[in-house]
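Peer 1: Each chain is listed here by its residues.
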Amino acid sequence: MVVTTTPLETKAAAAAYNQSHTRLAIADMGGRLTFWQREGGGRGWTLAGTLPLEGQRVTSLCWAATQFGGLLAGGAADGSVVVWQEQPGDAGWRLAALLKEGSLGVQDLAFAPPELGPLLAVAYADGAVRFFEASEVLAAASWELQNHFRLGSAAGAATALRWRPSAPGLPPLLLVGTAAAGAQVWWYQQQLMRWQLAATLGGTQDTGGRPVADVAWAPTLGRPCDIAAVAAGPIVLLWRLCGAADALEVEQLARLQHAAAVWQVEWNMLGSWLAASTEAGDVCMWRPDLSGEWLLLNRIVGEQEAAGP
Amino acid sequence: MDGEPVTLAGVPAAKGARLAVSWGLGNELHVVDLQEMVASAAQTESTASVVQWGSLSAGQRRIAYDSLGAYQQLQQAAQEPLKPEAWAQAARYSKTVGAVLAADGVRGAEATAEELATLQERALWELLALFFLESSSTGGMQGWAAQDLARWLRGNAAAVAGSVDAAPLPPQLARALREAALPEAVPEYWPTLARLAALGWIEDAVELLGLHSAWLRYDGSAAGEGAAGDEAARAAVAALEATTLLLRRFPLLAAAGAAPPAVGRAFSAPSEFAQFRRTWQAQAAALERDGRLWGAAEAAGEGATAAGVRAVLAVLAGEEAALADATANWAELLVAQLLHIYPTARPQAELRQLLQRCFDTGGGAAASEFLQVLAAALEACCDLDAQAAMRVCSAFCSDWFMAHAPPLLAAHPAGASVLSRELPHLGGSQVEFYTLEYAASLMPHTPTWPLAAAYLAWCPAHGQAALEALLHALPLDAADPWPAQKAAELAAFHGLARAEQDILRQQGVLFWQAGQPGAALAWLARCSDAARIDVALSPLAKAVSSGEGAAHAAALEALQPLLEALPPGSANAALLAVHRLLERGSSGGGGGRGMHAAVAALAQLPEAMRDSCLQLVCGTLPVMPPGALGEADVLWLLQWLLSAEARLPRGQQDQQRGAAGLASSIQVARLALVRSLAAAHMQQQRGMAAPGQQPRQLGAPA
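Chains as they are written, first to last, in the numbering used here: chain A, 1 to 309; chain B, 1 to 702.
Isolated chain B (complex conformation) (with noise of 0.2 Å):
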């Protein structure tokens, strides 16, 4: 690590403030400058300011969306690491995830600098993939390397240049070159024909020379179109067909079986290539000396287009010089050395010396920091070293590649070990390490905070306490309960019982701050907060208790459904349910079982909470319809209005309320209940049993 720290952002403040600071989710900080100790002539304005850094694009989060599915079927397989059906499993993770890097690509005609990002970490990714998954299945074989690298560069041309426009064969200059009556006379001509011949790109190499107007100036002097033409054409044809010639007789290697090349010749045996190859080469050097070939172009005056040849055949040659002229940067430099001077060379032993040399004579110290980066990994690579690997990637690649990376290296025995070792200050492995740190990123933001979920989900050590750590914090709102919603739904499809229940009361209570009971309600049932649940119908209870109820009718209506579901617990709720049933029975419905519902809530209701249902009781009992209350009940709320009478504290025995002080009122409703008891004796003698009615013998004593 560089020594400096690097300044993340300024906030504004004034000379001497302090900065009160409090972290939000993930990579996001809060920060307020406190002028308690800013001289008075220096004090300025507070401010508040969030700073979020590791903020994802649009790009960046399609890129992190679709990966996702990959990554968590990872997981799921759960291989056992170095058994063959792990391997299988990374290689199809690694493509997949090859594939949602590509997905972009670049849309207009030069990448931008998000665009080149994404495709140097594609280059990246690709690489490690070549030597930590790939190399392994095919046992480093000989002349695997110098093709696999490169095939790898082709994919990854742009990556390495650095642009679109510096890549070996621009869209742009393609198209210039293909509509141009001499396309030979375009400056970057036969540097590209040189370049694409050091760097195996064989077949448009062959079109390019095509292209060449010599062709159809040979074509048209054969039609007799004058003697000067025809020597020149001819001249340049000769040298341009046997250029052509040698080039679709490229020398490669192949798996046995696979299908031939469109252009070059495949063989499957390193020994049968290694003969052709030097056959080839040996042809290729000998035309590059052909000095009556080339005197002969030049007297036609076709100079140009004999160095040019010349130029392809030096490369085609393996000559150290023409290659190194023929190349962009140290990563071409190697490539053309590797296809061209050593197609054999093994990836551990001497790909490593080669890439050293390349990166010296290749300009790689100046070279850009990504060129300077891919040199430090290709390094890692050829040692198979995983940490040096990570270590190089971590300091110039995003969280999510980070985050995405350590399986590829893992499919490798010697990546296997290193990554999953404990880390004993952290007290998880440096992948975990990596994860918790991609999540951070997607922390702080609305739409990837469930992405931050996702790979919370498979962090071992770390990895619950931290989803339940995020839940807790985020932003809910009794405006949008989305958020809790979804975050209630992850806490239970985990198992965090107790996150969830602190989800669904956080959200209740914020609905009932913002003064919408009924959404309280609903949410604090869910949690059974019988507490909270008793706060917020304490309003309705009060004006209830007091008499008020008719005035809270279409509440008590509106919310009579969640009442009724409501969890037990909550005195308010007894009392409100208390009332709704003296309510029903004093209005006869519920057939004659209404009151006697009523009486048997109330009995159950604690002495205190009992007794705040005296004026709703008193003010129901005396307008209940004859016989609504059977005997026992009669008894019961009796004995319980003389004790309630007796606890009243005194002077209240006194006190004018409205039309009756409240002994008052349990004074009539007393005499209510005896009328009551007398009406349910006199339908008992006429033979009309009232529920709740205890059996008496005809003609018993009353």
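Next up, chain A with everything else stripped away, as it sits in the complex (with noise of 0.2 Å):
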């Protein structure tokens, strides 16, 4: 076990890294953005730069895939979002963006696979999802509102979004959590460019009424079928879905029990381990074992002893 820390020099409000783990973006509630790197096989970060958040309280943050170049997202609790660019050379990050639909705050967003262009998608807690698209792959001059669609009113906020990771033959399918109605999967139909309701994953009685914190698209890899993680209190519903996504069936896989509300989820690369971060400070590791069962099997904790002034 090797466990290698970095100081931030901050107080961290929100995070996100890149696909290859060599840059972390930092929110802070100083309003500042800050800019890590590991470089060469190291395991230790080191700042790269500093933004003024220009009053924006950021909440979320994602990066676009590498082939996009250096491009962040951040959704603010406005309901802007800003979107960062890096320029090539030693010019730094500007901002490139600053996008504002809707007035009440941002939830969550996420890029799209890379196979749809650079598109990123936002979940907004008035439950509407909307999707932005640059106008070009590197150093895109402007970003424009491509589409958007709309959670049932029962449906409530849109919490939570995740893409499912492209697949030949397979539409774009999002994964959306709610407020008040479990989760929802939605796929885009390219004939009539609109987002339709392939699935609900769930509903309150699943749910015990909480809001979704998090959902996450285990990856599929031989797997026939897709399973997602929903995460809503300290429960943890595991969904298998199987076949198209104009026919989509749904079926619960396990139900995993936590100590605190879990608020994140995240699959490893193989889909073969769940991390569940909970509201205690610990992150819960689960697996099956070889005859299907989720057991519980590690944890990660936080250590105040350890924390610095």
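Source of the hints: derived by calculation from the structure; they are not laboratory data.
Please note that a few of the clues may not be correct.
Label pairs and their in silico Cβ distance ranges [stated by the list, open to error]: (1) Pro567/B / Gly89/A: 22 to 28 Å; (2) Leu170/A / Pro567/B: 25 to 31 Å; (3) Ser643/B / Gly92/A: 29 to 35 Å.
Reference listing, derived: stretches of chain B covered by chain A, where coverage requires no fewer than 3 residues with Cβ under 8 Å from a Cβ of chain A [claimed, not checked]: (4) 44-50; (5) 203-210.
Just so you know, even glycine gets a beta-carbon here, dropped at the ideal spot from N, CA and C.
Assembling the complex is the task here: the two chains are given apart, and the hints tell you how they should meet.
Peer 2: Put into structure tokens, the structure is as follows:
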């Protein structure tokens, strides 16, 4: 076991890693955005740049795929979406776009799989999911609202979203968490150029009336069906999804109980481990045994003694 | 599995902070503590932690590298299970991997924790091979189990004992005994002798007996050194000699035609073996009970020798109490009982019961973790239960072991069917499950992620997707393109075209981001990414369009080979090509065809991009040599300049820029073209044709 820790010289409010975990962006509580870098296979981080947040309270961050250059998006509590772009050479970062479409806060945002181009999906507290697209694949001059859909009124806010990784023959799929109606799977119908609801994963009876805090698709690898994790309160529900996007069959696979509310779920790259971060400040790591039963095998805990002043 | 989760690591975090997590490659988790929900009084500086587990040590990396070839060879042979060729392949594999495990051994006087772990995995490896691989060739003949296990224990004594020092004959002890003037006075002498005899280490036991000082004293007394010395030595040697003779005739089973052993008496027929053994063991018992012999030794002052030799004889006679006293743990007791009491025990039927008895009486419950695991593994081997063997090993052994052991188990019919069964929730077999786990332990590290790729190639259900995921997530860097090159080669080798393209694209963008356009172009060209090539060339194209090409001449010159090799589709690349051709044509390079080629390239551009070449073209035309353009080219250019001028936004026609506005530049260029046309006509009339010129009748009106 090797643990390498780097002090970040700030109090982080939101964090995001790029796809290769060589860069880390931190939105801190002091109104700054800091960029950190790992180089040469090292485990420690070095500060690479700082930008002021211009008064926005950024609550979520996400990186675009490397093939779009240094591109970072942030969602703010006032409903604005900020896009920062890294300029080539030593020119550093600049504010590329400030997109204000909703008045209620941004709950989550995620860049689409790179095959779909520089496309950003944003979940809003007003129940809308909006899509913004860059004008170019690199160093885009502008971002435009490309599409949107709205969750049903019963669903409330869109609280979380995650794109399914691209696969040949499969339309774009989005897993969206809601405040009051579990999670929903939406698919993009190319011919009509609009998003359609494909399936609902549970409802208030499954989530206990709690809003969905986070959702995540498991990497499919060679499995014949998809698995999705939905976190609501102290429960993480695992769902199996099979079939075509317009005829999706859904089955609850497992119910993972935690001691505290789960606010984030993440799958490893092989889809064999699920990490669930709880409000109690620990990370629970789950894995199925050979018979398919999900077991809580490992934990990573936050240690206050090790934290600096 | 135990109920409580294992705490893998602790990371710094303020009270009330949330841990934001993100999975890296394989067994790697990134954690940042977020303080938004933390009361301000409790807030502290956030930290970013990287947690990695299952990392391979240097020794484990050596094993990983050295065993890959054997694994790949086995997979490539792809023999149908249970065929003779498959068995032979598995046997070769087993031997090779066993040798890999044994290669490092123990470097110092005592094994380090890592060395001991390797020794123990080797012990388990050889045990599995013995039952699942070798037994299927010997057919479980009576008598083999005892000697096979004795041979196995001999080769893995330190692992079973828990350390080199605790082994039956540690090198340090052997050296001390050989160098001692009175070896029999060393406290470990007699217990070691009994233990060696119990475990069937006959040659070592004979050697140790030969170290007894009585032999030398006996030789000295023959030269007449005193009556008392004579008596003691004579008495001791009598006992030693009788025991040595007995040991030299230790009964062994051997395959027919095998070379005779250095010590012991070999039999190929079990019935002869049994008959000889009965007689031999009776002789041992009789010798042990010979009161006259021992009385004489004790009376001569060789009481310790008498007791020691009698203990050895009791072992050879198969006395249970003597065997228990002579052995250090249940595994040694089992081997001792097999050799001296139950030499013909059958593995499946009798060995299991004997194992249980020896475990219970030999202190198995309080034994070390490894000995507990060994007991469970041996039980699974007795039952030829491959699933149980995998379960036992998975709780103790490394990911490497779990990925490599299945072929041993699959060599037996009992193992093949169990291990190849698909796990419905996984979509692959458990063999693949363990291989993926092993690959995950290799992924996070620069030296070993290519090994992970090698193993993923043999996972039929998940391997392709897992390999793609690995290649996509590799940490690429403009400062070091080796990982990208390696990843692209691997992707190409495995036919993952999309992954290869993505890697090339990513590396190209990283170079672009780092301000290295040449390197960016080289990588983007390999994936024919016209859109990104366009962006990478944008600064140069803008400079050239606005007439600043001269300032970038060196860069253009350096990029020339790359620019010429770029795939089609990039408008900026085409613009730079036009610029290059115009430059060459206007300097007279390329003969008369230079300008014609430039015009041809210009004609192929989309209108918007063509118009962006206006300044460039207008700057070149006035200075081109006379007759450089043919009539057709001139007419085309005139047409284009006219239409481009009409497309200029209002206001710009009167705008002053530099010496003249763009509109003025167009006017000048048109004038130059007309002059060029006139010159071309005059040349034609003089009988000199310029390229691109349409043939005209002499004397026809202009």
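Peer 1: Return the numbers of the hints above that this structure violates; sort them in rising order.
Peer 2: 3, 5
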